[in-house]
Structure formats: C-alpha cells, structure tokens
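**Student:** One-letter residues, chain by chain:
Protein chains: 2
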Amino acid sequence: MKEINVGLIGFGTIGTGVVHIFQQNADVMEQRLGARLNLKKIADLDVITDRGVTLDPSILTTDANEILHDPEIDMVIELVGGYEPARTFVMEAISQGKHIITANKALLALHGDEILAASEEKGVSVMFEAAVAGGIPVISPIKENLCANRFRTVLGILNGTCNYILTRMSQEGDDFADVLKDAQEAGFAEADPTFDIEGVDTAHKLAILTSLCFGTKVDFDSIYTEGISRLSSLDLQFARQFGYEIKLLAIGKIGYGKVEARVHPTMIPISHPLAEVHGVFNAVRLLGDFVGPVMLHGQGAGMEPTASAVMGDVMSVARDILHGSPLRTPAMGCSQKNFEDLPVRPMEELISQYYLRFGALDRPGVLAQISGILGNHDISISSMIQPDRQIGGTVSIVIMTHEAPEANIRAALAEIDELEVMREKSLFIRIENDLG
Amino acid sequence: MKEINVGLIGFGTIGTGVVHIFQQNADVMEQRLGARLNLKKIADLDVITDRGVTLDPSILTTDANEILHDPEIDMVIELVGGYEPARTFVMEAISQGKHIITANKALLALHGDEILAASEEKGVSVMFEAAVAGGIPVISPIKENLCANRFRTVLGILNGTCNYILTRMSQEGDDFADVLKDAQEAGFAEADPTFDIEGVDTAHKLAILTSLCFGTKVDFDSIYTEGISRLSSLDLQFARQFGYEIKLLAIGKIGYGKVEARVHPTMIPISHPLAEVHGVFNAVRLLGDFVGPVMLHGQGAGMEPTASAVMGDVMSVARDILHGSPLRTPAMGCSQKNFEDLPVRPMEELISQYYLRFGALDRPGVLAQISGILGNHDISISSMIQPDRQIGGTVSIVIMTHEAPEANIRAALAEIDELEVMREKSLFIRIENDLG
Numbered sequence: 001m002k003e004i005n006v007g008l009i010g011f012g013t014i015g016t017g018v019v020h021i022f023q024q025n026a027d028v029m030e031q032r033l034g035a036r037l038n039l040k041k042i043a044d045l046d047v048i049t050d051r052g053v054t055l056d057p058s059i060l061t062t063d064a065n066e067i068l069h070d071p072e073i074d075m076v077i078e079l080v081g082g083y084e085p086a087r088t089f090v091m092e093a094i095s096q097g098k099h100i101i102t103a104n105k106a107l108l109a110l111h112g113d114e115i116l117a118a119s120e121e122k123g124v125s126v127m128f129e130a131a132v133a134g135g136i137p138v139i140s141p142i143k144e145n146l147c148a149n150r151f152r153t154v155l156g157i158l159n160g161t162c163n164y165i166l167t168r169m170s171q172e173g174d175d176f177a178d179v180l181k182d183a184q185e186a187g188f189a190e191a192d193p194t195f196d197i198e199g200v201d202t203a204h205k206l207a208i209l210t211s212l213c214f215g216t217k218v219d220f221d222s223i224y225t226e227g228i229s230r231l232s233s234l235d236l237q238f239a240r241q242f243g244y245e246i247k248l249l250a251i252g253k254i255g256y257g258k259v260e261a262r263v264h265p266t267m268i269p270i271s272h273p274l275a276e277v278h279g280v281f282n283a284v285r286l287l288g289d290f291v292g293p294v295m296l297h298g299q300g301a302g303m304e305p306t307a308s309a310v311m312g313d314v315m316s317v318a319r320d321i322l323h324g325s326p327l328r329t330p331a332m333g334c335s336q337k338n339f340e341d342l343p344v345r346p347m348e349e350l351i352s353q354y355y356l357r358f359g360a361l362d363r364p365g366v367l368a369q370i371s372g373i374l375g376n377h378d379i380s381i382s383s384m385i386q387p388d389r390q391i392g393g394t395v396s397i398v399i400m401t402h403e404a405p406e407a408n409i410r411a412a413l414a415e416i417d418e419l420e421v422m423r424e425k426s427l428f429i430r431i432e433n434d435l436g
Numbered sequence: 001m002k003e004i005n006v007g008l009i010g011f012g013t014i015g016t017g018v019v020h021i022f023q024q025n026a027d028v029m030e031q032r033l034g035a036r037l038n039l040k041k042i043a044d045l046d047v048i049t050d051r052g053v054t055l056d057p058s059i060l061t062t063d064a065n066e067i068l069h070d071p072e073i074d075m076v077i078e079l080v081g082g083y084e085p086a087r088t089f090v091m092e093a094i095s096q097g098k099h100i101i102t103a104n105k106a107l108l109a110l111h112g113d114e115i116l117a118a119s120e121e122k123g124v125s126v127m128f129e130a131a132v133a134g135g136i137p138v139i140s141p142i143k144e145n146l147c148a149n150r151f152r153t154v155l156g157i158l159n160g161t162c163n164y165i166l167t168r169m170s171q172e173g174d175d176f177a178d179v180l181k182d183a184q185e186a187g188f189a190e191a192d193p194t195f196d197i198e199g200v201d202t203a204h205k206l207a208i209l210t211s212l213c214f215g216t217k218v219d220f221d222s223i224y225t226e227g228i229s230r231l232s233s234l235d236l237q238f239a240r241q242f243g244y245e246i247k248l249l250a251i252g253k254i255g256y257g258k259v260e261a262r263v264h265p266t267m268i269p270i271s272h273p274l275a276e277v278h279g280v281f282n283a284v285r286l287l288g289d290f291v292g293p294v295m296l297h298g299q300g301a302g303m304e305p306t307a308s309a310v311m312g313d314v315m316s317v318a319r320d321i322l323h324g325s326p327l328r329t330p331a332m333g334c335s336q337k338n339f340e341d342l343p344v345r346p347m348e349e350l351i352s353q354y355y356l357r358f359g360a361l362d363r364p365g366v367l368a369q370i371s372g373i374l375g376n377h378d379i380s381i382s383s384m385i386q387p388d389r390q391i392g393g394t395v396s397i398v399i400m401t402h403e404a405p406e407a408n409i410r411a412a413l414a415e416i417d418e419l420e421v422m423r424e425k426s427l428f429i430r431i432e433n434d435l436g
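Respectively, the protein sequence lines represent chains X and F. With the UniProt record's numbering, letter number 223 in the first sequence gets 223, and the count goes up by one each step, no holes. With the UniProt record's numbering, letter number 27 in the second sequence gets 27, and the count goes up by one each step, no holes.
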C-alpha cells in the first residue's frame, strides 16, 4: 500500500487535534483513500509540554528544517499561526515542492497573493479549509459544488467568541465586559481578545471568502472592520423589541462593478436563520444565482472541528498526490492569473437602514434637536423609542431610520455629537433586511 | 483553450436548468476551470416542446445513441429519471468510457452496485450530488471535507413536498389532504405523490447517504420506510404541546456492528435546528467524531438548485479530465472494493420513546384498559393528554412513553387495536431526543 508522508509544524491545540485524528481514524482514512497517511515529523519550538498524546519521541523536533528539507515529506501542515515565522516556513516548503495545508487566516489574508503565486508556479497545492469557520465545509463547497454559480452574497458569523458574547448579551441581558471575562476564564476567548472582538479575525476570513466567491482580489486592508466592544446589552434588548438580533456579520456582496466587503455589528431579522446561530457556533450563508440560499452551520473553532478541516485537506492533497493532479482545483477557486481586480465599494456609498442610539440629558426639546439634524441630512425616521430609564440623568433615545446613505448618517451623527445636551458618543448599527 | 464536450440525456425541468447555466454562466465557469465546457448534444424523446430556451436545433436529437456513441463527448448528464431506460443509457455510456453525472436517486439506490463497479473497472467517474438534497452540497462534503471523520449519525429532511405539507399542518393546522392538493396545484407535488409522501424518495436518498457515511452497502430494501399520509394535523398540534415538531426524517446511525437506516415521521425537539427547517427547504445534519454536528441547509429541489448541483459535478469531472485524475475520489467515498458489509438493524431492536394516539369511544375505563396493556408490555407512560374534543363519539387519547423496545410497542398496539372500544387503528410516532 502506498504511503504518503506528512510533516506538521506547530504542535499547539489544533496540532494536537490533528495528531488525535492520525491516531484514532487511520483506518477510515485508509479505507477511503486506498493509501496510508504517515505523520512523519512534528516540529515545535516547545516539544516538552505534554499534549496528552503518546508519540514516538523520534518524530518530534524543535527544528522546522527537518520537515522542510526532508525529501520524503510530501506535504506540510502549518499550524504555527501569525505572520512570521509561518510565512517563511510556508514559502520554503513550497520552494521545496511540498504541498501546504494551513489554518492561518491572518497569513492568507495578508500574504495570500505571494503564497498562491509561488504555489502555482511550483505546481503544489495550498489548502486552507480550516482557516474559515473551523470544521464547517465552506471553502470547498464554494470551489467545488457551487462553482457553476455566480455568487451574489456571502454572509458569515465567523467568530465564536463574538457570537458567544452577543448571544449571552441578547438572551441573558449580561454586560459585554462580564461575558468577555467569563469567556476568557472558560478558555475560548484569548487573554488579548482584540483580534476577535474588534472584528479583525472576522475580516481576515471575509477577505478569503470574498476573493473565493467573486474571483477578485479583496485586500484585507480594504475591508471596513468594526467590532462589538461598543455595544451595550441594552442595544440587544432594543433590537429584539424591533424584531432584530444583533450579530457580528461578515458581509460580502457584488454589484455594479464593485465588491462590498465589510464586518460590523448588524441587525438582522430575528426570524432569519442566521439569527438562530447561537453561542460559539459559526455559519456561512451563500447566495448563488442558481442554487439560491445555502447555509452551512457548525462548530467554527476548537481543537477537534478545526483538526477535522485540516485533515480533510490532507486527504484531498493525498488524492492529488496519488493521481498526479495537484492544482486540479486552484487554491482560490480560479487561477491567480484569471483573477479580476474589482474595487471595494467605500462605506460612504453604502445605503442602509440604521439603528441609532443617543445618550442625552433628560430635557425637553432634545428629540426635536436630534430629529431636526437628521431631517437636515435627508434621514427619515421609521420609529423611535425613549425608554423610561435614566442613568445619572442620561436618557437613551433609540431611533430606527428608513434607508439613508451612510455618508449622511455619519455627517448627521457628527453634528448631533456636538450638541451641548449629548452625554455620550452616539452609536449606530446597520440593519440588513434583505439577506436572501 | 481546451474544450470539454458534454452530452445531456433528458431535457425536462432539471435539464432546462442545466441549459440555463451553460448559457448564463459560461464565463464564470471558464474563469474557474481554465477551459471551456461545450454542451454538444441534447437527447430527449420529445424535442418539440418549447422549454423557453433558445438552442441551435442541430444539437437536439431524439436518439440517445447520438450521445452515447459520439467519441468526442467526454461526459454524459443523465436526467431521464426512473430505472429504465436510464440504467441502460448509463451502463452504455460507461462502457464507452464516458463519465456520468446523474440526479437519479432511484437508479443509484437500486442499481448503484452495478453502475459503480462498472465505472471503477472502466476508470470513469460517476457523480450524483444532485441526487440528494438538490442544490445543497452534501455528498461532496461527506466524501471530501469531512472524510477524516468517523460518522456517527446522518439525519436528513430530504423531501420538500413532505416538509411543505408538515410545515403547513403544523403552522396553520391545515389537513393533510388539503395541503397535498394545494401542493399539487402549485406544481411542486407530483400528480401521483406516492413516492414522496410514503417516504420512498427519502429512503432512496438515505440509502445513498448511509452508504457514503458508513462505508458499507445499505440496500434500499433494508430501509424501514413509513410516510406521512396517516398523520393528522392534530398530531402536529399535540406534538407542539409536548415541545416537539414532527418531521419526515431520514435517520442513519452506526453502532455495535450494525447500521440503522430508517425513514419515518419523527418527533424532534422544537428548539433543534432541524425543527426550524420549514417549507420546501431540505437539510442534512451530520455528526462526525471530530467535527461534531454540521448542518447543511438549502433548496432541496427545483430546476435551478438541482441544476446547480449537476453543474458542480460537471465542473469536477471536467477538472478530472483536464488533470487525468478520474476516480480521484471514489463515487461512494471509498472504492467498492473497500466497502464493508454491515447488517441493518431490524426495527424490532429499536429502543425509543413513542407518541401514541388512540381513537376510542368516550367511555369510562378506556384509559385503564389501554394503560393496562401498555404496562403488561413493560411500557411506561411519561405523560398523557385526552383533549376535550369528540368527533362522532370518538375521543383521542394521546400518550407519551418512556423508552421502550419497538417490539413491545408493536405488540401492545396490536392488542389495544383489538379492544371493542377502539374506533380507529392506533398510531405511533417515534421520538428522537438525542439528535446531536
């Protein structure tokens, strides 16, 4: 029986999950592949820590070069994470003719161009199903099953930490800071949660999804990114009163020669399937011109689901090795050479409905001032609530608008924030009613 | 640019959708494939009917042999449906070295063995993503992304007609017969709906899914199949009172050396994601040992979604042709040679909770008689309702049981049905609380 040799660089949580699959599911993988996968070498700077798996110590090394320069190793799983030395390892492995499997969305979002160009030139595969939505099949369905569709929209709940926080804020009325602390103590929010809660992780994933769906390069830097740290649990309660749930949504759309790519807290109708994605679960909703809406739902992070995605890619690369068909499906769904270069629509051009929250002194005439400024900016109000609730003399005013250009909203809010009666910076949340 | 020639046999609804994709999305398919797909010939016995598409008349024929024996045609899309002549066409195409794409679940459920054995011997691909859950990527995720998992459970809502009927019965309280008539008039239930409403179509699909997930041959004949025609809208109302929704569920499980494969109306907790699959939508829920639960949701039927799945397979086969890698991924996820041959667990061995509904004369002592017989068969009752509702002197008695062997339930109900006071055959619905 043919044997395919795999090297693993980075033996942290996901790496441990990968080793578990090699150990526990060798038989089913062999049955399906008709060949044997051999985990030949694991490199990690820290090889001493006990990962709770029994391994032949001779396959452990602290030197990634033992993998990168082993001519018997066919493919390299990169689970180092971050930009460097991950980038150097990946580029070196490609130059050595090795296929790459990675879960590193940051690396792909920022250095994808360079990596994919090198891989196409060298004729090796780069696979990264685990980089978006953990165990949920997302990248491969876009590249394979749904590839006869012109995609119109891709929406994602892609960060489990944010979704857990928002779910607790919505369902229990808990405060952002409290839930974040709980999540950190439970170990599924990072000690420094900035990348998660400020939307950066979600934007990394959206850069990949929009490039895949629309066949155009979407730079990470061009994605508007806004996190959830300014939301109050009151916003989630108000949203429910209006029939909405608030999610940190990754939104990709295409139309009129431009791509929309944005990450921000979004109010979506409470009855929409994406509103029912709770806790640490992730989901991706695709709208294709023929398939219509498709939703893919599951565990978007965690050792075992992410390892499942990594090993699905390992199996795919193994099949390509066995059949001599690397690059059979290009990494981004089409060859880099066939990529388009569409611009990303600036946020100022966005037209949306908005939820606005103001904190003002509880004085007569405040509402007239606010609505006057909104009217001056051609923003019309669809409904308003002024909850019977004061904190230190400050009262919340919540306004839902009809459709308005984002540029007008920003200008109006800047003006309102200058009013003498305002006690806190106003907050706005975009509303998406037409999700498909 | 390389050109790949495709022949289409069967120019009905789905075939028309396929032609639409060839016409409307040639550019994106070419961008992604790096080659051109050419629909060279369409065969249908009836070529006169106007399908609302403009085609060069010279590509139309009434003779399938013009496709089967055209050496320039690389792959054949079979959309004839049914057993014959579809089987003959497919076998002949394989013997001519042509790859097969089909949406024909009946053919695969009954003649899959023969077809796949021939295709492996000839070295051609057989693809059938469209056969299960229409446009939703299901078969490929099982074979590709999730293939490092040991699957534990596969659950499906796989028949849009049934799900539409059950949704209306549950949400509007409409009667089965009325909703069926509406669905027929709206054109999405067949004139003869037997295959749909009696669960046969769902069982065809489950035969494919269980074989795929568990790597073992599951004969269609061994699948217990029960449809929805005996359900009353009262059952759906009672179910909701107990916190359940009723769905026609395809259930595949594996354990203790046996496969479970069954299709029947099933009560599932109202908060479970599968309970939220409404109307004509389909969903498949997979439970893998590493990935955990994954749910795939979308349009399970209809011209355009099904054509999307067909064309996804066409793209995949085209990639295999371009890279010389047919059989890269075996049709059933592993080679027929590596298939196991596990037995299907007989229904009598099933242990479940049950919903029981009896129609009896409204007389004192009836409940004592029923509960006595249940007790004699070791069936314990968890709750009971006797709605205040009489139809012609007949009263409904609804009982929820604790876990009991199906053999006991059947024996008890047979005995109860003999009671003089009973006015209609008793009905039972299996309850699944542990869906993953």
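Please note that the accuracy of each hint is not assured.
[To be verified] Below, computed lysine-lysine pairings styled on DSSO-like, alpha-carbon distance capped at 30 Å:
id	chain 1	residue 1	chain 2	residue 2
1	F	K425	X	K122
2	X	K217	F	K217
3	F	K40	X	K2
4	F	K181	F	K253
5	F	K122	X	K181
6	F	K122	F	K425
7	F	K181	F	K2
8	F	K122	X	K337
9	F	K2	X	K337
10	F	K337	X	K40
11	X	K2	F	K217
12	F	K217	F	K122
13	X	K122	X	K2
In case anyone wonders, no lab produced these hints; they're calculated from the structure.
**Student:** Now tell me, hint by hint, if it's right for this structure.
**Tutor:** Comparing the hints with the structure gives:
1. K425(F) - K122(X): 70 Å, violated
2. K217(X) - K217(F): Distance of about 44 Å is beyond 30 Å: violated.
3. K40(F) - K2(X): 39 Å, violated
4. K181(F) - K253(F): Status violated; Cα separation ~34 Å.
5. K122(F) - K181(X): Measuring from Cα to Cα gives roughly 60 Å; hence the hint is violated.
6. K122(F) - K425(F): Status violated; Cα separation ~53 Å.
7. K181(F) - K2(F): 50 Å, violated
8. K122(F) - K337(X): Violated - the C-alpha atoms of K337(X) and K122(F) are around 35 Å apart, more than 30 Å.
9. K2(F) - K337(X): 16 Å, holds
10. K337(F) - K40(X): 28 Å, holds
11. K2(X) - K217(F): Distance ~25 Å between K2(X) and K217(F) Cα, so the pair holds.
12. K217(F) - K122(F): 21 Å, holds
13. K122(X) - K2(X): At roughly 24 Å apart (the allowed maximum being 30 Å), K2(X) and K122(X) satisfy the hint.
The structure fails to meet hints 1, 2, 3, 4, 5, 6, 7, 8 from the earlier list, while all remaining hints are met.
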